[in-house]
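Enquirer: Residue numbers (this note's numbering): 1 to 400.
Hints are computed from structural coordinates only; laboratory data are not their basis. Cβ atoms here follow ideal geometry from the backbone N, Cα and C, with glycine treated the same way. Be aware that a few hints might be false.
[Stated by the list, open to error] As a list, the in silico EDC-like pairs of lysine to aspartate or glutamate whose alpha-carbon atoms are at most 20 Å apart:
| id | residue 1 | residue 2 |
| --- | --- | --- |
| 1 | 290 | 229 |
| 2 | 200 | 229 |
| 3 | 243 | 314 |
| 4 | 338 | 244 |
| 5 | 243 | 302 |
| 6 | 339 | 244 |
| 7 | 271 | 302 |
| 8 | 243 | 294 |
| 9 | 271 | 294 |
[Claimed, not checked] Computed Cβ-Cβ distance ranges for the label pairs, DEER-style:
| id | residue 1 | residue 2 | range |
| --- | --- | --- | --- |
| 10 | 52 | 266 | 28 to 36 Å |
| 11 | 280 | 335 | 24 to 32 Å |
| 12 | 58 | 272 | 25 to 33 Å |
| 13 | 67 | 225 | 38 to 46 Å |
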Amino acid sequence: MLSRNWSREAFEGFCSELVNRVGAKLAALRLERYALFFAKLDAACANPTELSADLLIGLFGNEGLRRQAVPYGYLLRTGLAPQETEVRRELMIEESRQQSILNRAQGHWYLDLLNRYQRHLSEISGRYQDRGWNDEKRRFGPRTITANLRASELFLGHLETIHGVDEIQRIDQVHLNRFILDNPGYRESIRAFVRFLNRKVKLFRKVRVETVTRALPEGLFLERTRYQDLLGNWLRAGKKDRKEALIGLFMLLYAQSIKKVVRLRVSDMLKGIDGTYRISFGRAEIALDKRVSELLERYLKERRALATMEDDWENAYLFPGRRYGGHLSEAAISNQLKKRELSAEQLFASALYYAYLSGMRHPKVLVRAFGITDYTAIKYLNLINPRLTAETNMRTVRNG
1 MLSRNWSREA
11 FEGFCSELVN
21 RVGAKLAALR
31 LERYALFFAK
41 LDAACANPTE
51 LSADLLIGLF
61 GNEGLRRQAV
71 PYGYLLRTGL
81 APQETEVRRE
91 LMIEESRQQS
101 ILNRAQGHWY
111 LDLLNRYQRH
121 LSEISGRYQD
131 RGWNDEKRRF
141 GPRTITANLR
151 ASELFLGHLE
161 TIHGVDEIQR
171 IDQVHLNRFI
181 LDNPGYRESI
191 RAFVRFLNRK
201 VKLFRKVRVE
211 TVTRALPEGL
221 FLERTRYQDL
231 LGNWLRAGKK
241 DRKEALIGLF
251 MLLYAQSIKK
261 VVRLRVSDML
271 KGIDGTYRIS
281 FGRAEIALDK
291 RVSELLERYL
301 KERRALATME
311 DDWENAYLFP
321 GRRYGGHLSE
331 AAISNQLKKR
341 ELSAEQLFAS
351 ALYYAYLSGM
361 RHPKVLVRAF
371 GITDYTAIKY
381 LNLINPRLTA
391 ETNMRTVRNG
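When you get a sec, could you build the whole thing from the sequences and use the hints?
Expert: In structure tokens:
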């Protein structure tokens, strides 16, 4: 089926690695699909030097390379495919998404403003790259541009449909506050657009994303029985639930945000001679609870064996995602929490609340242990001050 020496050698090397990785039986079940991948390469390239980013993306498409993550990952690891392919693929995906946002704005008064904003974001991204923020250190990449552009589109649509605004000079602070109140998840993404408006657009009055002090939300703290039940269930998690359990424990026991949890790396887990793991969530290295360490140990042992054929083999992240080399998405965790009628804010607040009850009552202790900011530690300690304990107890989540 393969007519060229280079493609036969590549396929043989891939098969050998596949068998060593998953065993002959599982490898045989998937061999036909992977053979088609190499057959396409064989037909398109006379020699491996022709395997460029443009060729691979043109041959398989962005989605095709994602579905063929296993052989594609092999090409990247062995150097047959250039590493820039993955960077180019992500860039093309995000540029397509950005164009879809601009297409939706056709016929609306804010189309030109969105185009200007996209160019502004691209310039910022370029400056970061020029200063060396690339690859693992990359900041303000294509996905950040897409997220910020999407937030601005939603905000401008909100101005038009809710407030009847037909030009940006008519924007008012009340409009921005109302948007954030209705769409709290876009508070951070809209900040960049607000800065752009204040610095680059002639407004009659500047607007800003205000820090609003809210009353203690209903159900912010988990009732003790619910808190203990969650910990118990997660610590006893079976094989298929260990990933979800570890994520929950990192959030509920150690007050870690979803953003921090998905970015944990396998190399962050340091095993001691006593079998327990240590990790630096913040400014100080802490030892994980023995039961959490045991759960983590089982998860790490199974992680490679449980990797599906759609996953890459050597992902650096503790919780791999669907994208090659990437981590689990924040949305995936949020959706899983919703199924349990939980939120990330509840787990974070409850972690600090029960840490406070256990004796961690100084902001600096929380900062060192959990890696949160001084401001956050003080804010939550003010919320759960003994003088507010009565209110806290009245607003806990009841069983059920």
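Enquirer: Against this structure, judge whether each hint is valid.
Expert: How the hints compare with the structure:
1. Straight-line distance between C-alpha atoms of residue 290 and residue 229 comes to about 18 Å, which keeps the hinted pair within the 20 Å bound.
2. With a CA separation close to 52 Å, the supplied pair residue 200 and residue 229 exceeds the 20 Å bound.
3. Between residue 243 and residue 314 the CA atoms are separated by roughly 17 Å; this keeps the pair inside 20 Å, and the hint holds.
4. With a C-alpha separation of about 13 Å, the suggested pairing of residue 338 with residue 244 holds against the 20 Å cut-off.
5. Distance hint between residue 243 and residue 302 is fulfilled; the C-alpha atoms sit about 10 Å from each other, no more than 20 Å.
6. Proximity of residue 339 to residue 244 is assessed by CA-CA distance (about 12 Å); at most 20 Å being required, the pair is judged to hold.
7. Restraint check for residue 271 and residue 302: the C-alpha separation of about 16 Å stays at or below 20 Å, so the hint holds.
8. With a C-alpha separation of about 13 Å, the suggested pair residue 243 and residue 294 falls inside the 20 Å cut-off, and the hint holds.
9. This hinted pair checks out: residue 271 and residue 294 have alpha carbons roughly 11 Å apart, not beyond 20 Å.
10. Between residue 52 and residue 266 the beta carbon distance is about 31 Å. The supplied range of 28 to 36 Å therefore holds.
11. Separation of residue 280 from residue 335 is about 28 Å and conforms to the stated range, judged on CB atoms against 24 to 32 Å.
12. Taking the beta carbon of each, residue 58 and residue 272 are about 50 Å apart, not inside 25 to 33 Å as hinted.
13. Checked against the hint of 38 to 46 Å, the pair residue 67 and residue 225 passes, with Cβ atoms roughly 45 Å apart.
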